[in-house]
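S.K.: All chains, please: the whole structure from these sequences, using the hints.
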Amino acid sequence: MLTLLRNLQRLRRQVGLPSPGRGRSLALRHVDAGSCNGCEHELALATTPYADVERFGFSIVASPRHADVLLVTGTVTTRMREPLLAAYRAMPEPRRVVALGDCALARGVLAAESEIVGPVEALLPVDLRIAGCPPSPATITAALLELYNGTT
Amino acid sequence: MTHRDRIGAALAEGCRFSGLYAAAGGAVVRVALTGPDGDTRLESVDVQNGSVPTIVDLTPAAGWDEREAADLYGIRFDGHEPLRPLVEHDLELARWTVPVRGDDAYQVAVGPIHAGVIESGHFRFHVVGELILHLDVRLFYKHRGLERAAEGCLLDEGLAYAQRACAACAVANSVAYAHACEDALGLRPSSELARVRTVLLELERTWNHLNDIAAVCAGTGLAAGNALFAALTERARRVNELLTGHRFGFGAVQVGGSRLAVDAAAVAAAREELASLAAESKGGWRELLFNASFQDRLPEVGIVTVDEARALGAVGPAARASGVSEDARAHSDRLAYDGLAPVAPRRVAGDVQARLEQRAVELLQTFELLDGLLDRRLEPAVAEAADPGKPIGLGLVESPRGATQCAVEQGNGRLERLHLRTASYANWPVVAHAAVGNLLPDFPLINKSFELCYACADR
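Protein sequences appear in the order of chains A and B.
Residue 23 in the numbering used here sits at position 23 of the first sequence, and the numbers go up by one each step.
So the numbering used here is basically just the index in the second sequence, starting at one, shifted up by 1000.
Quick caveat, the hints were computed from the structure, so don't treat them as lab data.
Note that the Cβ used here is the ideal one computed from N, Cα and C, for glycine as well.
It is possible that part of the hints are untrue.
Claimed, not checked - Covered by chain A, according to a simulated footprint, are these stretches of chain B (three or more residues, beta-carbon under 8 Å):
hint: 1; region: 1117 to 1127
hint: 2; region: 1245 to 1258
hint: 3; region: 1449 to 1457
Claimed, not checked - Think about it this way: if two alpha-carbon atoms lie no more than 25 Å apart in a straight line, the pair counts; the simulated SDA-like pairs of lysine to any residue are:
hint: 4; chain 1: B; residue 1: 1390; chain 2: B; residue 2: 1154
hint: 5; chain 1: B; residue 1: 1282; chain 2: A; residue 2: 14
hint: 6; chain 1: B; residue 1: 1282; chain 2: A; residue 2: 6
hint: 7; chain 1: B; residue 1: 1390; chain 2: B; residue 2: 1046
hint: 8; chain 1: B; residue 1: 1282; chain 2: A; residue 2: 15
hint: 9; chain 1: B; residue 1: 1282; chain 2: A; residue 2: 11
hint: 10; chain 1: B; residue 1: 1282; chain 2: B; residue 2: 1348
hint: 11; chain 1: B; residue 1: 1282; chain 2: B; residue 2: 1371
What the hints assert, rightly or not - Label-pair ranges, simulated between beta-carbon atoms:
hint: 12; chain 1: A; residue 1: 12; chain 2: B; residue 2: 1376; range: 30 to 38 Å
hint: 13; chain 1: A; residue 1: 90; chain 2: B; residue 2: 1386; range: 51 to 59 Å
hint: 14; chain 1: B; residue 1: 1037; chain 2: A; residue 2: 57; range: 53 to 61 Å
hint: 15; chain 1: A; residue 1: 25; chain 2: B; residue 2: 1078; range: 57 to 65 Å
hint: 16; chain 1: B; residue 1: 1411; chain 2: A; residue 2: 57; range: 54 to 62 Å
hint: 17; chain 1: B; residue 1: 1338; chain 2: A; residue 2: 11; range: 34 to 42 Å
M.R.: Here it is in structure tokens:
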């Protein structure tokens, strides 16, 4: 266990990401509305020492009830329409919506038309668009930082 | 001989069921059977008055396939009672769940949205207290109708649909599709094409196995182990990017050849990084082995016996951990595995510990394979004409999660039907079975020991 923790400490030193130097927070709630699983895998790695999205006070939370941001991946399928809207309705104000990845932005979507509702913005007001198929952990982290700093 | 007799005879000869689908238009149902030598053949039966005889009593592994064909093509399977909906969601609870009654039995509904960065899917647990009596898995929230959308495409355009079914298995799905197309077109891969595709498949296996070990650490709350293996996953995906230009290898596989050209320096850099990943994952694994509180969580949880694994059609590391010694790589004459022997499990227990250990051991085999394959640059290559071709082509590939079967039906070079039966699709009913008799709080751990994709199953 100690070895694991020491390794982690060494890795953090090696990667040497700058400290954010400010103490604020942003709670993110992810909803997969019909992705290929690529955006999920990249978002999950945004918490590793190589991108470390948590150093900015960003945390991926278990409930929309205490989330500031809804991170939506995938093109919205007919079957995910209602669960997505329910998650949005459960969030307190103020709230922001991030469309994560090309499918969520209706770029190059592959699907049968009858099975999908459309891009995220067909259902919800989108505040931030993160392009990429899928966007890398570094891209996701940089984009969320823009939202956090109020530049988008 | 009736359709059922033919299927029964094939199963008795040692074939395993490897998929069932309705052909375009829904007038014919085809059953894929894979022999012990890895050869797959199709048995077709005409749909008469909207129905065909079920085979689910002969091979329970066909359960989901029949339910899917019923939902999407309106085919009835005589004798499959009750034929519960699978893809169809607009139905009352009693229609799609198994009735569970008794003192204090109640249901716990989880999802489709889960409490982390997880794909969407719904689990309905029937429990008494914390004991799971039965689990109904309802997926297809992410059903995008990819197979239908691909119909009418040129064969090389259709690859995108197979690839985008799932990012985690993008290479395996693409290669299974390419093999199916090349089988239909009468093409055989050159040895260089076989080598390039084998490299891509093993790179995908590398990051997936690292990711799946990290997932089990997360499932037990061992944050330090999760962080280590997640960091190694990130590095493995960077190797993918170095060699293919994409972290998941999107666009790296084509039908009929490979355009990938990687110079010797980049290949050598990738090989060196993989050697470093191998050393660090070995070190990390040793730490996990000596972490008593972690190890205590794993044995005798989520047991799948060898008989259950065979009956339910389990594939991949999960099946091998239960003692089913099958690996599609052992018979892949279109790939550069050269008689690879499946890794025998150290401990055939079919539980969470056995599945985790199987991945860890197979990961080492993958590192060795890659070290051997990455000894020179990767060159563009082609598949060569070998026979006149046929209307239906089949492709079988061992994805990180097990055997993935692709069928392509074509006419004049256009797709008439695409069917992709991934390892995740095969294994989801096994997860549901493995959960029974366990405690509800152990389900995340059981689930992560399989670490299946939802996107792959939903398509």
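S.K.: Determine for every hint whether it applies to the structure shown.
M.R.: Verification of the hints:
| no. | hint | result |
| --- | --- | --- |
| 1 | 1117 to 1127 | holds (count 4) |
| 2 | 1245 to 1258 | holds (count 3) |
| 3 | 1449 to 1457 | holds (count 4) |
| 4 | B:1390 with B:1154 | holds (16 Å) |
| 5 | B:1282 with A:14 | holds (20 Å) |
| 6 | B:1282 with A:6 | holds (16 Å) |
| 7 | B:1390 with B:1046 | holds (20 Å) |
| 8 | B:1282 with A:15 | holds (21 Å) |
| 9 | B:1282 with A:11 | holds (17 Å) |
| 10 | B:1282 with B:1348 | holds (21 Å) |
| 11 | B:1282 with B:1371 | holds (16 Å) |
| 12 | A:12 with B:1376: 30 to 38 Å | holds (36 Å) |
| 13 | A:90 with B:1386: 51 to 59 Å | holds (58 Å) |
| 14 | B:1037 with A:57: 53 to 61 Å | holds (57 Å) |
| 15 | A:25 with B:1078: 57 to 65 Å | holds (59 Å) |
| 16 | B:1411 with A:57: 54 to 62 Å | holds (57 Å) |
| 17 | B:1338 with A:11: 34 to 42 Å | holds (36 Å) |
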